[in-house]
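Colleague: Here is what each chain is made of, one letter per residue.
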Amino acid sequence: GAVVSQHPSRVICKSGTSVKIECRSLDFQATTMFWYRQFPKQSLMLMATSNEGSKATYEQGVEKDKFLINHASLTLSTLTVTSAHPEDSSFYICSAREGASGPYEQYFGPGTRLTVT
Amino acid sequence: LAKTTQPISMDSYEGQEVNITCSHNNIATNDYITWYQQFPSQGPRFIIQGYKTKVTNEVASLFIPADRKSSTLSLPRVSLSDTAVYYCLGLYDKIIFGKGTRLHILP
Chain V
1 GAVVSQHPSR
11 VICKSGTSVK
21 IECRSLDFQA
31 TTMFWYRQFP
41 KQSLMLMATS
51 NEGSKATYEQ
61 GVEKDKFLIN
71 HASLTLSTLT
81 VTSAHPEDSS
91 FYICSAREGA
101 SGPYEQYFGP
111 GTRLTVT
Chain D
118 LAKTTQPISM
128 DSYEGQEVNI
138 TCSHNNIATN
148 DYITWYQQFP
158 SQGPRFIIQG
168 YKTKVTNEVA
178 SLFIPADRKS
188 STLSLPRVSL
198 SDTAVYYCLG
208 LYDKIIFGKG
218 TRLHILP
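Protein sequence lines, in the order shown, are assigned to chains V and D. Mind the numbering: the first sequence is residues 1 to 117 in the working numbering, read in order. Mind the numbering: the second sequence is residues 118 to 224 in the working numbering, read in order.
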C-alpha cells in the first residue's frame with residue numbers, strides 16, 4: 001500500500017516556542033491531506049483538511065492561528081504549532097489520499113508525539 | 118457523515134473468530150463502510166471497505182446487510198497481535214472517527 005511518513009516522530013519543546021511537523025506521501029500524489037490529534041485513550045480528532053495549493057479548512061473549535069497548515073505540494077503538508085503550551089502535548093497524525101473526494105483510501109502516517117514542557 | 122456506534126471493548130481468545138458489529142443508522146448513500154485498526158502510538162491502518170453485501174480480503178471479512186444500517190467486521194482465528202482498537206466509519210469525504218472498539222486478545 002501507499003506510504004505516508006511524518007517527521008519528527010517525537011519532539012519535545014519548551015512552552016512558548018513553535019514546532020513544525022512534516023507529512024509526506026512517499027509514492028503517490030496527495031490531493032488532500034488531513035491532520036488529526038489524539039489524546040491518550042481517546043479517539044482521533046480531525047483538526048483540518050487541506051488541499052494542495054488551497055487554504056486549509058479547520059474543524060470547529062480548532063484555532064487556525066495556532067495550528068498553521070501548509071500544503072504547498074502534492075507530496076508535502078506541514079503543521080506548525082505556534083506558541084505551544086503544555087495542553088498542546090498530544091499525538092499528531094496526518095493522513096493523505098489521492099482524490100479530492102470519494103471513497104479513496106486514506107493512508108495514515110505513523111504519528112508525531114509532541115511534548116511541551 | 119454517519120454517526121457510528123460500536124461496543125467500547127471486547128475480549129476474545131487466540132484462535133477464535135471475532136465479530137465486531139457497528140451501527141450506522143444514518144449512513145449517507147455515498148458513504149463506503151470502512152474499518153481501520155490502530156495500535157498504540159501508531160497511525161490507523163486500513164483493514165477493509167465495502168458498500169453492501171460481503172467483502173473479504175486476506176485479513177478480514179465485512180458483512181453489510183441490504184439496509185446498510187449496520188456492518189460486521191469478522192476477524193478469523195485472531196492472535197495476540199490483533200489486540201488493537203478497531204474503528205468503523207462511513208467514508209466518502211473526510212474521516213470522522215468514533216470511539217472505536219478496544220479488542221483484547223487473551224492467550
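Treat the hints as calculated values from the structure; they're not laboratory data. Possibly wrong hints are sitting among the right ones.
[Unchecked claim] Here are the computed lysine-lysine pairs in the DSBU-like style, where the Cα-Cα straight-line distance is at most 30 Å: (1) K55/V x K20/V; (2) K211/D x K64/V; (3) K186/D x K14/V; (4) K20/V x K186/D; (5) K41/V x K186/D.
[Claimed, not checked] Just a sample of chain V residues kept apart from chain D, beta carbon distances all over 12 Å, derived: (6) I12; (7) H85; (8) I93.
[Unchecked claim] Output of the computed footprint for chain V on chain D, the stretches with three or more beta carbons under 8 Å from beta carbons of chain V: (9) 121-128; (10) 159-167.
All figures in this text were calculated on a predicted structure; none of them were measured in a lab. The beta-carbon is built from N, C-alpha and C at its ideal position, and this holds for glycine as well.
Colleague: Against this structure, judge whether each hint is valid.
Modeller: Here is how each hint holds up against the structure:
1. K55/V x K20/V: Given pair K55/V, K20/V holds - Cα atoms ~17 Å apart, limit 30 Å.
2. K211/D x K64/V: Satisfied, since the Cα-Cα distance of roughly 18 Å is no more than 30 Å.
3. K186/D x K14/V: Answer violated: K186/D to K14/V is near 47 Å, above 30 Å.
4. K20/V x K186/D: Outside the cut-off at roughly 41 Å; violated.
5. K41/V x K186/D: Cα-Cα ~27 Å, so holds.
6. I12: holds (15 Å)
7. H85: Per Cβ check, H85/V is outside 12 Å of chain D; nearest 22 Å; holds.
8. I93: Incorrect as stated: the minimum Cβ-Cβ distance to chain D is 5 Å, not above 12 Å.
9. 121-128: This one is violated; 0 residues, fewer than the three required, reach chain V with a Cβ under 8 Å.
10. 159-167: holds (count 6)
The structure fails hints 3, 4, 8, 9 (numbered hints given earlier, in ascending order).
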